[in-house]
Amino acid sequence: MVAPYIELRDVRKGFGPVEVLKGVNLKVYPGQVSALVGDNGAGKSTLIKGLAGVQPYDSGEVLVGGEPVHLTSPKDASKLGIEVVYQDLALCENLDIVQNMFLGREEVHQGTLSNGEMEKQASSTLGSLSVRTMKSVRQKVSSLSGGQRQTVAIARAVLQQAKVVILDEPTAALGVAQTEQVLLLVRRLAEQGVGVLIISHNLADVFAVADHINVLYLGTMVAEVETKDSNRDDVVGYITGAKTFTPNLEGAAR
Amino acid sequence: MTTEQKDVDTSLAAKIDTAGGATPPGIATGYEGTAADQFRAYVSRVRSGEMGMLPALGGFVVLCILFQILSPDFLSLPNIANLMTQTAFLGMLAVALVFVILIAEIDLSAGVTAGVGMAVFVQLNNGMGVNWILAFAISLAVGIVIGLFIGYFVAKVGIPSFVVTLGLFLGFQGLQLVILGDGNTYRVTEPAVTAIENSNIPPVVGWILWAIAVLVTLGTAFYDRGRRVRAGVPVRGIGLLFARVAVIAVVSGAVVFLLNLNRGNNPLFPIAGVPIVVPIVVALLWIGTQILDRTRWGIHLYAVGGNPEAARRAGINVAAIRISAFVLCSGLAIVSGLFQASQVGVVGSSFGQTDVLNGVAAAVVGGVSLFGGRGRLVQGLVGALVITAIANGLGLLALPGGINLLVTGGVLVLAATVDALSRKRAGASLARV
Ligand SMILES: Nc1ncnc2c1ncn2[C@@H]1O[C@H](COP(=O)(O)OP(=O)(O)O)[C@@H](O)[C@H]1O
Ligand SMILES: [Mg+2]
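Residue numbers (UniProt numbering), protein chains in the order written: chain A, 1 to 254; chain B, 1 to 433.
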């Protein structure tokens, strides 16, 4: 078995008296897609905000590449190769694809932008992800579809040489065709050796794309299953709390 | 259930395989293809709502034709020169305002900032006999401090720029009075300052500056092309490069040629040459455009205007960008004040008070979006040219002053409508900002 790139051990987070994460364990493997599912308010966003460094955990251990680390700012996460693509994407519609992919990390030579170099890298990054639906890398983001925007946001993370890309509900706002496009992209990311943690409400998507499924229920990780050993009914049961996950029983049932 | 999932899985895997088997297709950069392809791409961008200053330029041409029909003096040599010197100050103010409009802010105090700056200038220059360059440097410094002040309250304290600068708009009228002394009006006595708007550069120097401008345009075009070639990305055909430079050379050459003709009535005292203010405006515009187009700061300014949250998450210091935009706006407003002082020849307590809304109007007419993130400096100048042409042309027709304001207002609403419609076309709804 591959060693996990990220491992969370017993992380906790509370807001005042409310405990939102009650000792959560999670592993994200390089080259594999891990899904994080759970009902609204289960604590999914809180969990990834901790990983992104924007809202540090109160306690618990975070291991990245086997080493214990402290994630207290987005820069910490970025340095460790952890990139988050938030649901609202945070792209500038008035800028083009290249400018968005390099925003904040523009390459300059003698004080002026190296537009050619950036264009080339953006092209080859998109090419390596087999993105073929865009007319030109100099297209304004305002002219892109939802799926294409998601693609640009993900490509931005890849360009950053991310080791792990965390996607918050990447398909929530997309139609069928565009969802498929983004799921293909997620698989391709994993093929390149990137670890992917995908949050989704859509179990069809999760089963189509994920290798592992982690179920969060009221701040507790109630199930960690291999996609191939599980089915939708079981996962729905874990999400709603109607079913209890018991690793041994699961094994015995097979 | 299980079989159904397997189906989804395999179909996805199959697609990945076929996709992986093919060589990754290159994505176009917009630089490929023939000149005709480039032109078609440009037309389709325009049609999708990226019209830039096209409507304003079109409007300007229509105005020129209309006024020329109504009054043959409109396109006479002296009036063309007039139009340029009259545009200079409003154009500079509009260019100043573009920096803050690009980040979806406003500076209602830009006009009175120019007023305060010029009040300081005349007090130092006339009152205390300070050398005019030093006096102007001090007024510029005053402008920068004003910009820092506005920027601090907008970016750090979080007060809307409309409110901060409305406060300053009122307050600075008082400050002008305090600096000038009650009821005092100063004449601009420094010949160098008067010359900016009222004297011309010798025709030969005009041609030399023209040649320098053309060479710089050609040089930067080759520099950019060379960098793209070294980076190994497609470049446009070399013919297109020469054609672009040639158009710029011919149009600017025609202007220089016309302005170098004698436009005076008395053959003994010919009036010829490009007004001094013109190369100054062109140089400032060129520098500002280079900074916006070629530096990280420039792209960050556009990013803050387009989506401040995205800019923040990308690690951009949004507050610093905002403050710097206000500093540039106030500083350039002082420059526009110098042009106006040169043109009208006096600085009184109401100097600059009615100008700022015309400046904003010029930017909007030029196609700069008040919603931020879209627009270029030159659009401020083109908008100012339209507004100045309306005032100038209607003035020639000796129509009552009220008509001028009515027409300018109508043009402004028209321009804002074009902006709103093109935003809709570009698919950028207001709700998404
Ligand atoms: N900043 C906060 N302050 C107080 N409560 C919060 C805060 N952020 C999240 N919560 C609470 O934590 C719980 C989990 O939220 P969240 O992580 O957003 O869940 P999910 O993303 O799984 O829907 C919710 O009950 C939410 O109200
Ligand atoms: Mg959430």
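Treat the hints as calculated values from the structure; they're not laboratory data.
A portion of the hints provided could be inaccurate.
[What the hints assert, rightly or not] Straight-line alpha carbon distances no greater than 30 Å define the calculated DSSO-like cross-link-like pairs of lysine-lysine that follow:
#, chain 1, residue 1, chain 2, residue 2
1, A, 49, B, 156
2, A, 135, B, 424
3, B, 424, A, 79
Checked hints:
The straight-line distance between the Cα atoms of residue 49 of chain A and residue 156 of chain B is roughly 25 Å, inside the 30 Å bound, and the hint therefore holds. With a C-alpha separation of about 21 Å, the suggested pairing of residue 135 of chain A with residue 424 of chain B holds against the 30 Å cut-off. For the hint pairing residue 424 of chain B with residue 79 of chain A, the CA-to-CA distance comes to about 39 Å; that exceeds 30 Å, so the pair is violated.
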